[in-house]
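S.K.: The primary structure of each chain is shown beneath.
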Amino acid sequence: MVKRKRALGNNEQSSAKLAIEYMTGVNKETGEEVFTESDRQKVQEAILLTVPNFDVSLGTVTQPEFVKYKGNLVAQAVALADLGGGGMEGSGTARWEADSLYIEDNLDIAQYFRSVNENGERDREKKNSINKDYWHGLIPRFILAKADNLNYS
Amino acid sequence: MDAEVQQTVRQLFSKYDGAIQGIKALIHEREKMDFISVKNSLEETFKNPPSYS
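Protein sequences, first through last, are from chains Y and Z. So in our numbering, spot 108 of the first sequence is number 965, and the numbers just go up one at a time. So in our numbering, spot 18 of the second sequence is number 51, and the numbers just go up one at a time.
For reference, chain Y alone in the conformation it holds in the complex (with noise of 0.2 Å):
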């Protein structure tokens, strides 16, 4: 399979930044300040709070800059609800969230969905390796480590 490769803070940038130009794009349209310097500060913190962290040690995903933004209440919502929805949701939410990684991590998965359909299991090779993939699963992994960490397990 491809494996998306990621690279940490970058995306996040991206989106503060055109979140940023949306919001002073509006208030250069309206000729109003529909968005406050206070608006563009709070996007722009809740955005940058979910730069993740792979912790190695922990062996799970962790928000390294959550205490950072202590003072900013929307922006600590917006990072649980990034990496928390598991845990305030229910089993449902972890369900979709760690079919949805497993599914952008694996870029070309569409397209091999597809070939299967067309081709029958011609690729035992991919077969397996998306199946071993499946359960060793970044989310998964993930939420139960996050569990270990709390003394949940």
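It is worth saying that the hints were derived from the structure and are not from the lab. Keep in mind that the hints are not guaranteed to be accurate.
Quick partial rundown of chain Z residues pointing at chain Y, CB under 8 Å, derived from the structure [to be verified]:
1) Leu-45
2) Phe-46
3) Gly-51
A virtual CB, placed ideally from N, CA and C, is assigned to each residue, including glycine.
Place chain Z on chain Y using the hints.
M.R.: For chain Z alone, kept in the frame of chain Y given last:
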């Protein structure tokens, strides 16, 4: 982890137990599946996106 922080996180993540059991069951279920069944199971997930409370 500080005890007070841990208590707060536990309250906030009150559905973690269910999430853990759900993920463990899903892993167990899919370990036994053939490829087509895994594919169908993945597709099934996205037919029912979560409705956040």
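S.K.: So, for every hint listed, does it hold in this structure?
M.R.: Results of checking the hints against the structure:
no., hint, result
1, Leu-45, "holds, 7 Å"
2, Phe-46, "holds, 3 Å"
3, Gly-51, "holds, 4 Å"
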